[in-house]
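Next come the chains, spelled out residue by residue.
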Amino acid sequence: MKPFTQVEGRAYPFGRKNVDTDVIIPAHWLKTVSREGMGQGAFETVRKEEGNVFDDPEYEGAAILIAGDNFGCGSSREHAAWALDDMGVRCVIAPSYSDIFSGNAFKNGILAVELPQEAIDRLMEVARTDPITVDLENQVVTTPFQDRFEFQIDPFRKESLLAGRDEIGLTLESEGAIGAYEERTAVERPWLTPATA
Amino acid sequence: MAGRMDQPKTLYEKIWDAHVVEKRDDGTCILFIDRHLVHEVTSPQAFEGLRAAGRTVRRPDLTLAVPDHNLPTTARRDAKGNRIPIADPQSAQQLEALESNAPAFGIRYIEDAAPEQGIVHVVGPEQGFTLPGTTVVCGDSHTSAHGALGALAFGIGTSEVEHVLATQTLLLRPSKTMEVCVEGALGFGVTPKDVILAIIGRIGAAGGTGHVIEYTGSTIRDMSIEGRLTVSNMSIEAGARAGLIAPDGTTYAYLKDRPMAPQGAEWDKALRWWTTLPSDPGAVYDKRVELAASDIAPNVTWGTSPEDVVAITGAVPMLDSFTEESKREAAAKSLDYMGLSEGQAMQDVAVDNIFIGSCTNSRIEDLRAAAEVAKGRKVADGVKQALIVPGSGLVKRQAEAEGLDRIFTEAGFEWREPGCSMCLAMNPDKVPPGERCASTSNRNFVGRQGPGARTHLLSPAMAAAAAVTGRLTDVRELMG
Chain A
1 MKPFTQVEGR AYPFGRKNVD TDVIIPAHWL KTVSREGMGQ GAFETVRKEE GNVFDDPEYE
61 GAAILIAGDN FGCGSSREHA AWALDDMGVR CVIAPSYSDI FSGNAFKNGI LAVELPQEAI
121 DRLMEVARTD PITVDLENQV VTTPFQDRFE FQIDPFRKES LLAGRDEIGL TLESEGAIGA
181 YEERTAVERP WLTPATA
Chain B
198 MAGRMDQPKT LYEKIWDAHV VEKRDDGTCI LFIDRHLVHE VTSPQAFEGL RAAGRTVRRP
258 DLTLAVPDHN LPTTARRDAK GNRIPIADPQ SAQQLEALES NAPAFGIRYI EDAAPEQGIV
318 HVVGPEQGFT LPGTTVVCGD SHTSAHGALG ALAFGIGTSE VEHVLATQTL LLRPSKTMEV
378 CVEGALGFGV TPKDVILAII GRIGAAGGTG HVIEYTGSTI RDMSIEGRLT VSNMSIEAGA
438 RAGLIAPDGT TYAYLKDRPM APQGAEWDKA LRWWTTLPSD PGAVYDKRVE LAASDIAPNV
498 TWGTSPEDVV AITGAVPMLD SFTEESKREA AAKSLDYMGL SEGQAMQDVA VDNIFIGSCT
558 NSRIEDLRAA AEVAKGRKVA DGVKQALIVP GSGLVKRQAE AEGLDRIFTE AGFEWREPGC
618 SMCLAMNPDK VPPGERCAST SNRNFVGRQG PGARTHLLSP AMAAAAAVTG RLTDVRELMG
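Same order as they appear, the protein sequences are chains A and B. Sequential numbering of the first sequence, starting at 1, is according to my numbering. Sequential numbering of the second sequence, starting at 198, is according to my numbering.
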C-alpha cells in the first residue's frame, strides 16, 4: 500500500450524496484483468454534464475530492478506488461512506475522511478558490482561513496508512494462530469442509 | 459489540465470536472465512497479486469459482458441444482468466455451460456451499444474500479477495447490529421484493451503514428460503454490508441433501450447532426498526436510488415534499434522468424493456410468480425486449420441467441462459439509452443497466404485469 501522511492542494467540490460506485466507474470499465488506466473512466457519466468539476481547469490534478453522504455506495468494485487513485485522488472528504468502499479506499492508500455536513459545506466553499490540507498524523483538515476540522479514524487504519503496510504480510505473521484455529474447528465443526460434489 | 460473555447474544455476535482467530489490541480481529465464492470480474487482479508475491491459496477446498457477470445469456455451446466464442474480447479474456486461475490454484470451478452454473449468489445456497453459521465472502456486494440461510455473508473488494485467498481470513472490526422486524401476513400480490423495497424506502440507502441487519418477525419467518434470499440480498441497498435471518426448519429443509451440504452424522452434528445460533431472548441490537406487513403494497422505484420507493398505486413525489434542499436537488436530477414529472401516477409510466432475473429475483419461485401472471397473456406491443433469465442452470431445468419456459415463450418473452444479464450492463444484455426497464434486479442507479437506461425496480409478478400491459401496473388487477 502507498503510504499516506499529508495532502495539500486543490479539491474537487463535488458534494453530491449517495454517489454509487457505478457512477465512480461504470461497469464496462471493469472488463479488464489489470488495475491500470481506470482514471479515464472515472465519473464518466458526470463528465458528460456541462460545467462538471472534473473537467474544470480550476481543479485540474486535484488530489482531494469532497462529496456528500454515503459516498461509494452500491457495488463492491475496488475499481472505484483504483479509478480515484489513477485520476490522482489521494483523499476523499465526506460525511459518510459505504463500508465496502471505505475498506477498498484504505487498501489502496486513499484516506477517507469523515466530517459532519457543516464542515463539508464550509470546505466546499473554500475548495472553489483555495487549497485544503489534510494531515493524517494530526487527524485534521485545515484551510488558509484558519478553519480546522479534526476527524476520527480507526487506529489500525491510521497506522497502516502512515506506514504503507502490506496487510497480507501482516496477517501471515499470525499464520500459527490461523493454523491452530483450523485444527480446532476441524474437530468442533467437521462439516465445514465441504462434501465433494 | 461482539465478544460479550454471559449475556444474551445476537445471531451476529455468535457467528462473529465463533470465527475470531485473533484479536489485536486496537480491536481489529482476524476473522476466519469459511466460504469464498469467486467470479470472473473481481478476481483476476487478486490472482495476479498472489502470483506477483509468490503466494498460494491457503484453502482451495473452501473456495468455489463460477463465471456469471460477463457471460452472454444466449447459447454457449453449438450443436457439437463446442464453445460459441464470446464476441467481446475483454469479456472473453476475463472468462479465460478464471478458467485458467481456478485450476492453477486448485480451486473447484463450475464452467460456463455446466448445469450447475449460475449467478454466484444463486449457486452458493443451491449447492449447499452456503451454510448457517458460516462466514461467506465474495467480491460482489450482493453476497449479503447468503445471510438468508443464517450465514454472515458480505461483499469484499479485490484486495480482500486476495487477502482471503492467501490467508483464509480478513482483518475486520465488528459491525453494529440493527434489527428490522416485520410482523404479519403479506397482502394479496405482495412479495418479499416489496418487503425489502419498503424497508429500504423506510430506512434509506445509508440507513444500515456500519450495521449488520437481522431480519426478524413473523413475515420473515413465514417466507421460503427463496423469499428470504431476495430480502437479505438487498441489505446492501440499505447500506448494510450484511443481512441475517435466523436459521430454522425452513432453512434445514432447504439445505438437506444439497450436493455440498454435510451428510449423515455430520449433518446431525451441524444441525445441533445451527439450532444454537438464533439470537437469544433479550439480546440487544444497536438499532431497531419495525414494519407492519399490512402496510406494504406492491412497490416500485421512481428515481435513481433504491430508497426512492413508492407504492404502485402512488405517484412520483412532489419536489416540495422534500424538506432538505440537497434531497430536493437530488430528486429533481433523478426525475430529469428518469424522464418523469413530479406527481405523475406510477401506473401511467410506459415501459420499453422487461428484465426478470438477477441474484435478487431469478429463483424458481420468482419464475413461478412471473409465469402465473404471464400465463395466457401476451407481451404488449410497445415492449421491445422482455427477458427471463433463470439464476442457474438448475433453476432453468426445474422451470422447464414445470413448463414455465413455454408459458413465457408463448407470451412473447425470451427464455435465456443463466447469468447476471441485464442487471449490470457487463454483457450483451443492456437497456438502450433513454429506454425504460421494469426490472427485478437490485439497483436503479444512473447507467446501471446501460448508459442512459432508466430502471424501475419491482417484483417478478409486477415485472410480468408490466410486460403484458406495457406500463407499470398493479399486479393485483391482473390476478385471480
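You may find that some hints are simply not true.
Heads up, simulated DSSO-like pairs for lysine-lysine below, C-alpha to C-alpha not over 30 angstroms straight-line [to be verified]:
#1 K220(B) with K31(A)
#2 K220(B) with K466(B)
#3 K48(A) with K530(B)
#4 K530(B) with K31(A)
#5 K158(A) with K581(B)
#6 K158(A) with K211(B)
#7 K48(A) with K524(B)
#8 K373(B) with K158(A)
#9 K2(A) with K220(B)
#10 K48(A) with K220(B)
#11 K31(A) with K373(B)
#12 K466(B) with K158(A)
Over the 10 angstroms line for every Cβ pair with chain B, so calculated as not near, a few chain A residues [to be verified]:
#13 L30
#14 P116
#15 A119
Okay, the calculated bits of chain B under chain A, using three or more residues with CB under 8 angstroms as the criterion [claimed, not checked]:
#16 214-221
#17 282-288
#18 354-361
#19 377-384
#20 466-474
#21 617-627
#22 638-650
No lab work stands behind these hints: they were computed from the structure. Only a predicted model underlies this, so the values are computations on that prediction, with no experimental measurement involved. Cβ coordinates follow ideal geometry from the N, Cα and C atoms, glycine included.
Going through the hints against the structure:
Taking the CA atoms of K220(B) and K31(A), the gap is near 37 angstroms; set against the 30 angstroms cutoff, the hint is violated. This hinted pair checks out: K220(B) and K466(B) have alpha carbons roughly 28 angstroms apart, not beyond 30 angstroms. The hinted pair formed by K48(A) and K530(B) meets the criterion: a straight-line CA distance of about 14 angstroms does not exceed 30 angstroms. Restraint check: the Cα-Cα separation between K530(B) and K31(A) comes to about 29 angstroms, which is no more than 30 angstroms; the hinted pair holds.
With a C-alpha separation of about 52 angstroms, the suggested pair K158(A) and K581(B) falls outside the 30 angstroms cut-off, and the hint is violated. Between K158(A) and K211(B) the alpha-carbon distance is near 29 angstroms, which keeps this suggested pair within the 30 angstroms criterion. About 22 angstroms separates the Cα atoms of K48(A) and K524(B), which keeps this hinted pair within 30 angstroms; it holds. The straight-line distance between the Cα atoms of K373(B) and K158(A) is roughly 21 angstroms, inside the 30 angstroms bound, and the hint therefore holds.
The straight-line distance between the Cα atoms of K2(A) and K220(B) is roughly 25 angstroms, inside the 30 angstroms bound, and the hint therefore holds. A C-alpha spacing of about 47 angstroms is found between K48(A) and K220(B), which places the hinted pair above 30 angstroms, so the restraint is violated. Under the criterion of a C-alpha separation no larger than 30 angstroms, the hint pairing K31(A) with K373(B) is inconsistent with the structure, at around 34 angstroms. The suggested pairing of K466(B) with K158(A) is violated, with an alpha-carbon distance near 43 angstroms, which exceeds 30 angstroms.
Once the 10 angstroms rule is applied to beta carbons, L30(A) is inconsistent with being away from chain B; the minimum gap is 5 angstroms. Residue-level check passed: P116(A) sits 14 angstroms from the nearest beta carbon of chain B, beyond 10 angstroms. Chain B leaves A119(A) outside its interface by the beta-carbon criterion, the shortest separation being 15 angstroms against a cut-off of 10 angstroms. Counting residues of the region 214-221 of chain B whose beta-carbon sits less than 8 angstroms from any beta-carbon of chain A gives 3, enough to reach three: the coverage restraint holds.
Given a C-beta distance limit of less than 8 angstroms, the hint that chain A covers the region 282-288 of chain B holds, as 3 residues qualify and 3 suffice. With 6 residues having a beta carbon nearer than 8 angstroms to a beta carbon of chain A, the region 354-361 of chain B meets the requirement of three or more and the stated coverage holds. Counting residues of the region 377-384 of chain B whose C-beta sits closer than 8 angstroms to any C-beta of chain A gives 0, which falls short of three, so the coverage hint is violated. Counting residues of the region 466-474 of chain B whose C-beta lies closer than 8 angstroms to any C-beta of chain A gives 3; at least three are required, and the coverage claim holds.
Against chain A, the region 617-627 of chain B contributes 3 residues with a C-beta closer than 8 angstroms to a partner C-beta. That satisfies the three-residue criterion, and the hint holds. Only residues whose C-beta sits within less than 8 angstroms of a C-beta in chain A count toward coverage, and the region 638-650 of chain B has 6 of them, enough to reach three; the restraint holds.
Consistency note: the structure conflicts with the earlier hints numbered 1, 5, 10, 11, 12, 13, 19.
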